[in-house]
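Trainee: For reference, the chains in residue letters:
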Amino acid sequence: MKLIIAIVKPFKLDDVREALVSAGVEGLTVSEVKGYGRQKGQTEIYRGAEYQVNFVPKVKLEAVVDDAAAAKAVEAIKAAAATGKIGDGKIFVVNVEDAVRIRTGETGAAAL
Amino acid sequence: MKLIIAIVKPFKLDDVREALVSAGVEGLTVSEVKGYGRQKGQTEIYRGAEYQVNFVPKVKLEAVVDDAAAAKAVEAIKAAAATGKIGDGKIFVVNVEDAVRIRTGETGAAAL
Amino acid sequence: MKLIIAIVKPFKLDDVREALVSAGVEGLTVSEVKGYGRQKGQTEIYRGAEYQVNFVPKVKLEAVVDDAAAAKAVEAIKAAAATGKIGDGKIFVVNVEDAVRIRTGETGAAAL
Amino acid sequence: MMSLKFKGLAGLMLAAAIVGAPVASAWAQEAPPPAEAMMEAPAEEAAPIAEAAPVEEAAVEEEVATIDAGDTAWMLTSTALVLMMTIPGLALFYGGMVRKKNVIATVAQSFAITAVMSVLWMVVGYSLAFSENSNPALQPFVGGLSNAFLAGVAYDGVSGTIPEYLFVVFQMTFFIITPALITGAFAERMKFSAMLMFMVLWSLVVYAPVCHWIWGGGFLSDEGVLDFAGGTVVHINAGVAGLVCAIVLGKRKGYGVDNMAPHNLVLTMIGAAMLWVGWFGFNAGSALAANGLAAVAMLNTQVAAAGAILSWLVIEWVERKKPGMLGMASGAIAGLVAITPAAGFVSPQGALIIGLVGGAAAYVGAVWLKKLLKYDDSLDVFGVHGIAGIVGAILTGVLADAVIAGEETAAAANAGTQFIGVLGTVAWSGIASFVILMICKFTVGLRVSEEEEVEGLDLSQHGESVHS
Amino acid sequence: MMSLKFKGLAGLMLAAAIVGAPVASAWAQEAPPPAEAMMEAPAEEAAPIAEAAPVEEAAVEEEVATIDAGDTAWMLTSTALVLMMTIPGLALFYGGMVRKKNVIATVAQSFAITAVMSVLWMVVGYSLAFSENSNPALQPFVGGLSNAFLAGVAYDGVSGTIPEYLFVVFQMTFFIITPALITGAFAERMKFSAMLMFMVLWSLVVYAPVCHWIWGGGFLSDEGVLDFAGGTVVHINAGVAGLVCAIVLGKRKGYGVDNMAPHNLVLTMIGAAMLWVGWFGFNAGSALAANGLAAVAMLNTQVAAAGAILSWLVIEWVERKKPGMLGMASGAIAGLVAITPAAGFVSPQGALIIGLVGGAAAYVGAVWLKKLLKYDDSLDVFGVHGIAGIVGAILTGVLADAVIAGEETAAAANAGTQFIGVLGTVAWSGIASFVILMICKFTVGLRVSEEEEVEGLDLSQHGESVHS
Amino acid sequence: MMSLKFKGLAGLMLAAAIVGAPVASAWAQEAPPPAEAMMEAPAEEAAPIAEAAPVEEAAVEEEVATIDAGDTAWMLTSTALVLMMTIPGLALFYGGMVRKKNVIATVAQSFAITAVMSVLWMVVGYSLAFSENSNPALQPFVGGLSNAFLAGVAYDGVSGTIPEYLFVVFQMTFFIITPALITGAFAERMKFSAMLMFMVLWSLVVYAPVCHWIWGGGFLSDEGVLDFAGGTVVHINAGVAGLVCAIVLGKRKGYGVDNMAPHNLVLTMIGAAMLWVGWFGFNAGSALAANGLAAVAMLNTQVAAAGAILSWLVIEWVERKKPGMLGMASGAIAGLVAITPAAGFVSPQGALIIGLVGGAAAYVGAVWLKKLLKYDDSLDVFGVHGIAGIVGAILTGVLADAVIAGEETAAAANAGTQFIGVLGTVAWSGIASFVILMICKFTVGLRVSEEEEVEGLDLSQHGESVHS
Ligand SMILES: Nc1ncnc2c1ncn2[C@@H]1O[C@H](COP(=O)(O)OP(=O)(O)O)[C@@H](O)[C@H]1O
Ligand SMILES: Nc1ncnc2c1ncn2[C@@H]1O[C@H](COP(=O)(O)OP(=O)(O)O)[C@@H](O)[C@H]1O
Ligand SMILES: Nc1ncnc2c1ncn2[C@@H]1O[C@H](COP(=O)(O)OP(=O)(O)O)[C@@H](O)[C@H]1O
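Protein chains in written order, with the numbering used here: chain H, 1 to 112; chain D, 1 to 112; chain P, 1 to 112; chain S, 1 to 468; chain Y, 1 to 468; chain A, 1 to 468.
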C-alpha cells in the first residue's frame with residue numbers, strides 16, 4: 001500500500017476530493033497546513049509594523065491506497081489540483097507496511 | 001522503527017493516549033484533521049441554502065516506536081479507539097529510517 | 001528522497017525554516033500539532049475544576065529532500081531547534097518513493 | 001428526527017393546555033371590567049413597589065399622577081440596559097464557558113427565551129404578577145387575569161411618574177432574564193424543545209407568583225420582606241431552579257473526566273461586562289425614577305461588584321495560585337447579585353461590605369460546595385446566583401440604612417424577615433421546578449441522546465456550527 | 001496595485017465633482033441668509049415629523065420653544081443607541097454571516113460608512129434632507145442647501161423640545177445605518193473603493209431626498225404617508241438598493257457550490273442583540289421625547305421583535321426540522337423592521353400582529369423568494385429589510401390605532417396611501433441605485449478580481465487577516 | 001510559583017503602606033469635620049467644573065440646589081456608557097491587537113483595574129481629587145482626606161443639578177478608564193501583580209492630583225486651562241505614563257522579528273465601536289446635564305471621530321496602499337481623544353478640524369514616531385492618546401467658540417495657557433510614573449520571565465487559555 005500525501009491550494013480541496021473518489025479512493029484525511037516554497041506569503045502591515053507572513057495556507061490530503069491504485073490516484077490529484085500557477089503544490093508517495101480498520105480489525109488492503 | 005499513524009474519533013483521544021502510554025509508548029504527536037470515508041458529514045442549512053459538510057472531525061495520532069513495540073501499539077490503539085460504529089478510523093504503519101532527539105542529539109531507538 | 005518530519009517548539013519555527021533554507025531546502029509544509037512526551041502540559045483550573053491539558057503545542061515541519069541533502073537538513077534542524085530544555089522535539093526520517101510537482105508534472109528530485 | 005421534534009411541539013401545546021385551562025376558566029369567572037374602568041388600577045398596583053422603594057418626593061401620592069420626562073427618560077434607558085443584560089450579555093457570559101461545540105446552542109437559549117417571554121408577559125405574565133386578583137383569598141399569592149393581553153393597560157395610564165406601558169416593558173425584561181439565568185445550570189445537555197417547555201411553565205408557575213408575592217402586593221411584601229431589585233424574585237428564584245435542574249438532569253457525559261474547560265473566556269468577559277453595565281438599569285432602574293435613590297443604587301451596584309471581584313481574586317490567588325479572568329467575571333456577577341436586593345436600602349459603605357461578603361460566599365458556593373455535593377451545575381447558577389442572592393437578601397435586613405431606606409423601613413428591616421422571604425422562594429421554586437421538570441421529562445424528554453451530546457448541541461439541536 | 005487604488009481615489013473625486021457641481025451652483029443661487037435669520041427655520045422644518053408623530057403636548061406649537069431636560073436626556077441616549085446599531089451591531093450581524101476570510105472586510109464596511117456619512121451629513125446631507133428648499137417647485141422632492149455645513153443651525157436652536165444640534169446628530173445616525181444595511185447584499189465581492197463611492201452617491205441621491213419626502217416636508221408627507229421611524233425611509237429604501245446591487249454585481253464565485261456557511265453565528269447573535277437593543281433608540285427615540293409615545297413605541301418594538309422570532313422559529317422548525325440561531329436572529333430583525341413604520345401608531349396588540357406577519361413574510365423573502373429568483377443577495381437585505389419593511393408599511397395603514405396615533409391620523413391611515421409611499425421609494429431607490437452602480441462600474445469598477453475573491457477580501461482589500 | 005505570587009502580594013501591601021503612611025498622618029492632622037458640616041462643600045467643589053463648562057442656566061449658583069430628573073437621567077446613562085468604555089470596550093480594543101496567547105491576560109487587566117479603581121476611588125481617590133484640602137498651601141495641588149470613604153458625601157447632597165453620589169460614580173468611571181488606557185503600552189509582557197501595584201500607586205499619585213489641578217479647583221484651573229472632558233487629565237496623562245512604561249519595561253521578546261500581528265481585528269472593531277458609543281457619555285456627559293451643551297458635545301464628538309478616521313484612512317491608503325480596519329479603529333480613537341478637551345468649547349465646524357488634524361497627528365505618532373524612536377509602545381498608547389491628546393488640548397485654545405464656550409472663556413482661551421496644562425501634566429506623569437515603576441521593579445519585579453512571555457501571559461499569569 002502507498003500513502004499519498006498531497007499539498008494543494010485550499011480552494012481546490014473539493015475538486016481533488018471528488019477526483020479521488022472518482023478514481024476509486026474511498027477514504028482520505030485532510031489537514032490545514034501552511035506551506036513555504038516558491039510561492040511567497042503576504043506582508044501584513046499594522047500601524048507601520050510589517051509582518052512578513054512567510055507561509056501560505058494549504059491543505060494536506062493523505063490517502064492510503066492499494067499499490068495498484070497509486071498511480072491513478074496521483075494522476076487524479078494532479079489533474080484536479082492544477083491551476084498552472086505557482087504554488088499548486090506537491091504530491092509525495094510513501095510506502096505503507098500495514099493498515100488496520102479499527103471498527104472491524106480488518107488489515108491490509110481490506111482496511112482501506 | 002515504525003511510524004504509527006492513527007486516525008480516530010476526537011472524543012477517543014484521551015483513551016487512546018492512555019492506552020499507548022500503558023503499552024510503553026513514551027511520546028506522540030496529535031493533529032486535528034478532517035476525515036472523509038464511509039461516515040458521512042452533516043448538512044447545514046442556513047436560510048434555505050444547504051451546505052454539505054463532506055468532512056468529519058477526526059484526530060490524527062503519530063507515534064514512532066521501536067520495531068518490536070509496533071504490534072503492541074497497534075493493538076492498544078485498536079482496543080481503545082473502537083466503538084464499533086462507522087467512522088472509528090484507521091491505523092497505518094510506515095517504516096522510519098532514523099530518529100533524532102533534538103535536545104540531546106541521540107539517534108535511533110534511544111531518541112524515542 | 002527522504003521525508004524529514006520535525007516536531008519542534010512553536011517559537012523556533014522561523015529559526016528552523018531559515019536554517020533549512022540556508023541548507024538548501026526549497027520547500028516545506030508546516031502544521032500546528034499537540035505533543036505528548038517528557039514535557040508535561042499545563043493544568044488549568046476553572047472554578048475549582050481541574051483540567052489536565054496533557055498536550056503541549058508544537059509545530060510539525062515536513063520537508064521532502066534529496067537523499068544526498070537529508071543529513072545536512074537534519075543537522076540544520078537540530079542546530080536551529082535546540083534550546084537544551086526538555087520538549088525540544090524530534091526529527092524522523094522516512095523514505096519517499098516519488099514526488100510530483102503539480103504545476104509542471106515534474107517528478108522525482110526535480111519536483112522538490 | 002421529524003417525529004422527535006413533533007413530539008416536542010406536541011409537548012409544548014400540551015403545556016399550553018395545562019396552563020391555559022385554569023387561565024381560561026379564571027378568565028371566564030373574572031369578567032374583567034371594561035378598559036376605561038381599569039385605568040386607575042395599575043397605578044395602585046404599582047404602589048407596593050413605590051412603598052418598598054421610598055422615593056424622595058412621594059410622587060405617587062399626588063392627586064393627579066403625571067408623567068415626568070426625566071424619570072421616563074431614565075426608565076426607557078433602563079429597559080434597554082436590562083434587555084442588553086440577557087442578549088447579548090448573559091448569552092455571551094454563558095456561551096464563553098461551554099465547549100465550542102455547544103456555544104451556538106447556549107446563546108440560542110437566551111435568545112429564544114427573550115422572544116418567548118416577551119410574548120408570554122404580554123399574554124398573561126404581567127397580569128399574573130401585577131394585577132389585583134379579584135379573589136381576595138388568592139391575591140396574596142398570585143395576580144388575576146384582568147390584565148391578560150394587556151387588557152386594561154391604557155396608553156395614558158401612569159405608573160408612579162412614568163407611563164404604564166413603560167412599567168410593563170421594564171418589568172418584562174426581568175421576566176426575560178430570570179429564566180435565562182437558569183439555562184446555565186443544565187448547559188450542554190438539555191433538549192431545546194424541553195428547555196422551551198420548561199421555561200414557559202416555570203415563568204408562569206414560579207416567576208409570576210413570586211414576583212407577585214414581593215412586588216405585586218402579595219404576602220411577602222405584607223411581611224415586610226425587602227427586595228429592591230430582585231435578589232429574591234430573580235436570583236434566588238433562578239438559582240434554586242437551576243440547582244433542581246442540574247440534579248434532575250444529571251451530570252454531563254464525561255463530567256470529571258473530559259476536558260470541559262471554558263472555550264473562550266473573552267466571550268465570558270464581554271458578557272460579564274455587559275451584565276455589569278446593564279445592571280445599572282436593573283438596580284438603579286428599580287428606583288423607577290431618575291433621582292437620588294437611583295444614584296445611590298448605581299453607586300452601590302458599582303462598589304459591590306468591585307468588592308466582590310476583590311474577594312474572589314484574593315481567595316483564588318491564594319488557593320489556585322493564579323487569579324483568573326473567569327474568577328473575576330464570577331466575582332463581578334456575585335457582587336451584582338448580592339447587592340440587588342439591597343441597592344436602594346443600604347449606604348455605599350454597606351454596599352462594599354455586601355460585595356466583599358457576597359463574592360466570598362459565591363466562591364464557596366461555586367468552588368467548594370459544588371465539589372462537595374458533586375452535582376453538575378454546569379455554569380454555577382446556584383453557586384453564584386443562589387448563594388450570593390441569599391447572602392444579599394439577609395444582609396439587606398442587617399445593613400438597611402435609615403438615610404437611604406427611610407427610618408421606618410430601616411427600623412423594621414431584619415434578617416429574620418428576610419429569611420422568610422428566602423425560605424418561601426426556595427421552597428416554591430424548588431418544588432415547582434421539580435414538578436415541571438417531571439412533566440417535561442415524561443412528555444418531550446429532558447436530555448439529548450448521548451450521541452447528540454458528544455457531537456455537540458450546536459449541530460444536534462440547531463444544525464449549525466462555528467466555522468473558525 | 002498602486003495604480004488600481006489611485007483609480008479608486010480618482011473615481012471618488014470624480015463622484016464628488018459630479019455631486020459637487022450642482023451643489024455648488026445651487027449654493028451660488030441660493031444666497032443663504034445669514035445665520036441669525038435662519039434660527040427659526042429648523043424648528044419649522046422639524047414640524048412635519050412632529051405632526052407625523054403626534055406628541056401628547058404640542059410642545060412645538062408653543063410660542064417660545066424651550067428645551068426639556070428629560071426629553072433631551074432620552075434623545076442623547078437614543079442617539080448613542082442608534083450609533084451602536086451600526087457599530088458594532090450591524091457590523092457583527094453581517095460579519096458573522098460571511099466566511100472567515102471576509103469578516104474584517106465586512107465589518108470594515110460598516111465602520112467606514114459610519115465615518116463617511118457622519119461628515120457627509122454635516123456637509124450637505126442634513127440640508128438636503130431637512131432644510132426648506134428655496135425653490136418651491138423642488139421643495140416637495142429635496143431640501144435646499146441653506147444648512148450645508150450646518151450653516152444656520154444654531155447652538156441655541158430648538159427642535160421640538162430638544163436642542164437642534166441634537167436633532168442633527170440623532171438623524172445623522174439614521175443617515176449612517178441606511179447605507180450600511182445595503183452592504184449585506186453585495187458582501188464578499190465588492191471593492192472597498194467602489195463601495196465607498198456608491199455609498200456617497202447613494203446617500204445624497206437616494207437617502208436624502210426620500211428622507212425629505214417623508215420627514216422633511218416633502219410630497220409623501222403631504223400625501224399622508226405614515227412612517228414613524230423609518231420603515232420606508234430606511235428599510236425599504238435600503239432593501240431595494242440591496243436587491244439592485246445583488247443583481248448588478250452578480251453572484252459570488254462558487255455560489256451554490258462552495259460552502260458559504262456563516263462562519264460565526266455567535267458574532268451574528270451579538271450583532272442581532274445589539275441591533276435589537278439599539279432599536280429602542282431608533283423607534284422610541286423617534287418620538288423625539290421621553291413620553292407615553294416613546295413608551296408605547298418601545299413596548300411595540302419589543303413585542304414585534306419577539307413575535308417575528310416565534311413566526312420564523314415555527315416555520316423553520318417545520319420546514320428545516322431544526323430551529324436555528326440564524327433563524328431567530330433573522331426573525332428578530334424582521335420583526336424590528338416591520339414595526340419600525342408603525343411603532344408610534346399602533347397598539348401593543350397590533351404590534352404583535354405586525355411582528356408575527358413580518359417574521360413570516362421575511363422568511364418567505366429570504367428563503368423561498370431568493371431561491372426562486374436565484375439572485376445572490378448575500379445576507380438577505382432585500383429578503384429581510386425590503387420585504388418586512390413593505391409588510392410593515394402596509395400594516396401601519398391597516399392597524400393605526402386611534403388612541404395611539406390620534407383619531408385624525410388613524411382615521412386617515414390606509415393601506416392605499418401607504419402603498420404610494422412604498423411605490424415611490426421602490427421606484428426611486430431602484431432606478432437611482434442602478435444608475436449609480438453603473439457610474440461606479442465604469443469608473444472604479446465594482447467587483448474585486450476572481451483571485452482576490454478567492455483569497456478573501458480581508459487580505460486583498462485591507463491587507464489584514466484574523467489570526468486564530 | 002507560590003512564593004512568587006506571595007512576593008507579589010507582599011509588594012502590594014508594601015505599596016499600600018507607602019501610600020498609606022502619609023495618608024494616615026494627613027488624616028490625623030486634618031480632623032475631618034463631621035459629615036453634616038461637609039454637606040455644602042461638594043457642591044462648591046464641583047463648581048470649577050461647572051465654570052469650565054458653562055451651562056446655559058447657571059443652576060449651581062441658585063440658592064437652593066435641587067435635583068433635575070432630566071439631567072440626572074442623562075448622567076445615570078452617561079455613567080453606564082463610560083463604564084462600558086473600559087469593559088468591554090477598551091478590553092476588546094486592546095485584546096484584539098495582541099497575540100492570541102495574551103488575549104485573556106489583556107482583557108483581564110482592564111477588568112481587574114475596574115474593580116480595584118472602583119474601591120480605591122471610594123476609599124481615598126475621590127477625596128484626593130475633589131475635596132478641598134484643609135491646608136491652603138496644598139489645595140492647588142491635591143485634595144484632602146475629608147471625603148475618604150465618602151465621609152461627608154450625603155445621600156441628599158447635590159452637585160449642580162444631580163445627586164452628589166451620581167457625581168461620585170460618574171467621576172469614578174474616569175478614574176477607572178485612565179489607568180486601563182496605560183495597559184496598552186506594556187501589553188504582552190508585564191506581570192499581573194506588578195500591573196496592579198503600579199496602577200494603585202499611579203492612580204493616587206498621578207491621576208488624583210492632576211484631576212484636582214484641573215477639575216478639583218487646583219492650580220491649572222486657576223490658570224484658565226480648558227479641559228472639557230479629560231483630554232489632559234485622562235489622555236495626555238495616560239499617554240505619557242504609557243510611554244514611560246514602554247521604555248522602562250523594554251521591548252517584547254522578538255519585537256521586530258516575530259510576527260506580532262493583531263490576532264483578531266474583529267474584537268478590536270467591537271472595542272473601538274463601544275469606546276465610540278461610550279464616549280458620548282464621556283464627552284456629552286461632561287456637560288453634567290441634559291442640555292444644549294451636551295448636545296453640541298455629542299455632535300462634536302461624532303464629527304471629530306469621523307474626521308479623524310478619514311484622515312487616517314487617506315494617509316494610510318496612500319502610504320500602505322490599502323486602508324485597513326486597524327487604521328480606521330485607530331483613527332476613530334484618535335479623533336475621540338482629540339475632541340475630548342474641546343467638546344464643549346468648539347463649534348461642530350471646529351470639531352471637524354480637530355478631528356482631521358488629530359487623526360493625522362496620531363498617525364504620525366503611532367506609525368512614524370514610534371518607528372523613529374524605536375520604543376515598543378505595544379498598542380500605541382502614547383502615539384494615539386498622548387499625541388492626539390496634546391493636539392486636542394492646544395487646538396481647544398485656538399478654536400474655542402464664543403457661542404459655545406461663552407464669550408469670556410473663549411476670549412481667554414489660548415494655545416499658550418493650554419500648553420502650560422500639557423507641560424505640567426507631561427512632567428508630573430512622566431516623572432512620577434518612572435519613580436513608581438522603579439518601586440515596582442525592586443519589589444515585585446516588572447516583567448514576566450522570558451519563558452512565560454513565550455508561553456503567553458494567559459497561561460503563565462492566569463492559568464487559562466482560549467480553546468478554539
Ligand atoms: N520539499 C518540500 N517538502 C515538503 N513540502 C513542500 C516542498 N516543496 C513544496 N512544498 C509544499 O508545496 C507548496 C507549494 O510549493 P511551491 O514551491 O510554492 O510551488 P510549486 O508547487 O508551484 O512549485 C508549498 O507551499 C509547500 O507547502
Ligand atoms: N484510505 C484512507 N486513507 C487515509 N485516511 C483514511 C482512509 N480511509 C479512511 N480514512 C480516515 O479514517 C476515517 C474513518 O473512515 P470511515 O470510512 O469513515 O469509517 P471506518 O473507519 O469505520 O471504515 C475517515 O474519516 C478518514 O479520516
Ligand atoms: N515517539 C514519538 N513519536 C512521535 N512524536 C514524539 C515522540 N516522542 C516525542 N514526540 C514529540 O516530540 C515532542 C517533544 O518530546 P518530549 O519527550 O516532550 O521532549 P524531548 O524531545 O526533549 O525528549 C513531544 O511533545 C511530541 O510531540
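If you're looking for bench data, these hints aren't it; they were derived computationally from the structure.
Virtual Cβ for every residue (Gly too), placed ideally from N, Cα, C.
Misleading hints may appear alongside valid ones.
[Stated by the list, open to error] Some, not all, of what chain Y presents toward chain H, calculated at C-beta under 7 Å:
#, residue
1, Ala-415
2, Val-454
3, Leu-459
Trainee: Please write out, lowest number first, the hints stated earlier that are contradicted by the structure.
Mentor: When the structure is compared with the hints, only number 1 turns out to be violated.
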